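**Student:** Okay, here's what each chain looks like letter by letter:
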Amino acid sequence: MSAARRLFEKPWLGSFVAAFLVWLATILFTRGQGGGELITAALTFATFFVIVGIGQMFVITLGPGNVDLSIPATMTLAGSVAMKVMDTQDGMIAVGLLVALACGLAVGLFNYGLILLLRIPPIIATLSSSFVILSAAIAYGRGLRIKPPPLLADFTTAQIAGVPVLAIFVTLLAALMAIVLHRTAYGRSVLAIGQSQRAAGFAGIRVERIRFATYVLSALLASLCGYLFSGFSGGSSLSMGEQYLLASIAVVVIGGTSVAGGNGNVPGLWGAALFLFLVQSMLNTYQLSAGLRYLATGLIIIAVITAAGGQKTLR
Amino acid sequence: MTALISPRFLRAILPALSLAILLALIFYLNPRTMSYVGLNLMLNLAIPIALATIAQLCVMTVNDLDLSIGAYVGFVVCVAGTWLHQDPVLGIAALAGGIVIYALVGALIHLRNLPSIVVTLGMSFVWLGLAVSILPRPGGQAPEWIAWLMKLKPPYVPFPIIAAAVIAAVAWFALMRTSYGSILRGSGGNPRSIERAGWSLLKTKVTMFALAGFFGMLAGLSLIGLTTSAQANVADRYTLYSIAGVILGGGDFVGGRVSPVGAVLGAITLTLSAPFLTFIHLPPDWQIGAQGAILIIVLALRAVIDRVEKRR
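Those protein sequence lines, which keep their order, are chains A and B. Number 302 in our numbering belongs to position 302 of the first sequence; there are no gaps in the numbering. Residues are numbered in our numbering as their position in the second sequence, beginning at 1, plus a constant of 315.
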């Protein structure tokens, strides 16, 4: 098998090609104007999709029925609590981060507690808990929009030659998580459980311990995303997590991770996240009405997933 | 006597029991609600929520989840508030088209083996887009016959209770008492054996999604009869309500184990939780959370019952 052919068989390549085509379709419309700025914007927003996408990918890789629907609520809670604790003071940035991560840890423990004690499917457990988490965020934040500390705002919006600093950090994080998934005992256990939970159990893998760690990891990454996104967008808001329900699942599936579990893919997350953002901005550039934009977004997502699902059945 | 309080029996009456406890608490907190007018007011919204719950139950029977039902109900509301009112032929065609799209989504999910969560999340954008295109700003008007139907005041028993009973009876009969109903449930419980027995899994999935589209349409029509004017995002919460209703009603997430009667009771319980939380003066901030907590408590009770059953 030639190297080129091996590259073409990578499931994540498709998402990058799709993202590039959408970018091309956008700048053709503007006759080449703003192509560079568009890439910068895409990298910026895709960064946040990738952070939650990594957590969701580990969860989905655990196998059928595993999905974390509490990510948007967790982001909102962590963001609003951290902003309130930091109270615009630069000196509190580290404390704010710890507080946000503590929120994530609490959510992860709560989610897994429900799954284990009530013996209910994770999708129902995380859905129920998201009600409670969102309520806590509403009651705590009271709809107040507290600005992030200036230093945090500067860091989350900083760029080096058009490349967002945050994107560089998250690329490193993604690389680290790819190593965790493919090279560590934990990551390989996640893959094994996704392929066959029973076989993994017989092989001596502590299934429940791995599942516990995975749900906590997803909640921690969601809280990190909520913290950074609040810093980036000038404070937390109650609706800030809304689009992340679809985004977190869509980037995982479009990125080439198997929905049936047991086969994770980290590089694809970046391609899929860029694609998702670029589709939005393409539809904005074409100046479609709000209704048509929603319609086109939905149809494109379904079309891409149908195409991605088709590749799997061919094998 | 021991047969009466067996875990199986307990699990079967849990939905009715939760509803009875909630209703008793409401009557205790506010005795004025224990009247024809009071029940009518509190239970009005139970009709569309119960219909949306039955729609969700159809999809959950075949091991899928519909995250687009809220947006779809909003779409139906917008069609009913504009086209169905002004141009009935166009309106009926649009509503029929909605059911056909639901059936096609079911076929797509089955043929390409796609995760229903992602496809229906995508579909929720499609429905929202269609609804906003039809009716960009809140407005429109309910067709007279729907408004008339929803304002019916039959003697003795409030209309919502009669409607809920009819919905539960129809769904129960179709799914639990007909022979094809058991095939449909079987295709969720053990798809392979249903297929080996010669039944088409594609057909069962398309049937269930089309039925979901049908009941979702009824939910939208009854909702606009109550609100009298239309808005695209009027039913956003219905997605969560419908899933919670099926679960409260004793449905399992997988395996075709569903209970239509329980689901309608679950929908009523959810509807009643809103006035209950108002009567105990819970701050509005915590209302969604309290509904989540009610869901968790019922699930916990069921887990306890299951554990007792296993020990025997």
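It should be emphasised that the hints constitute simulated quantities derived from the structure, not laboratory data. Values in this document were obtained by computation on a predicted structure and should not be read as measured data. Every residue gets a Cβ at the ideal spot worked out from N, C-alpha and C, and that includes glycine. There could be a bad hint or two in this list.
What the hints assert, rightly or not - Derived list of chain B stretches under chain A, where covered just means 3 residues or more per stretch with a C-beta under 8 Å from a C-beta of chain A: (1) 463–471; (2) 475–486.
Claimed, not checked - Pulled from the structure, derived: some chain A residues nowhere near chain B, Cβ distances all over 12 Å: (3) 67; (4) 84; (5) 119; (6) 130; (7) 140; (8) 153; (9) 174; (10) 175; (11) 182; (12) 237; (13) 246; (14) 298.
**Student:** Now look at each hint and say whether the structure bears it out.
**Tutor:** Here is how each hint holds up against the structure:
no. : hint    : result
1   : 463–471 : violated (count 0)
2   : 475–486 : violated (count 0)
3   : 67      : violated (6 Å)
4   : 84      : holds (15 Å)
5   : 119     : violated (6 Å)
6   : 130     : violated (7 Å)
7   : 140     : violated (9 Å)
8   : 153     : holds (27 Å)
9   : 174     : holds (21 Å)
10  : 175     : holds (26 Å)
11  : 182     : holds (23 Å)
12  : 237     : holds (15 Å)
13  : 246     : violated (5 Å)
14  : 298     : violated (3 Å)
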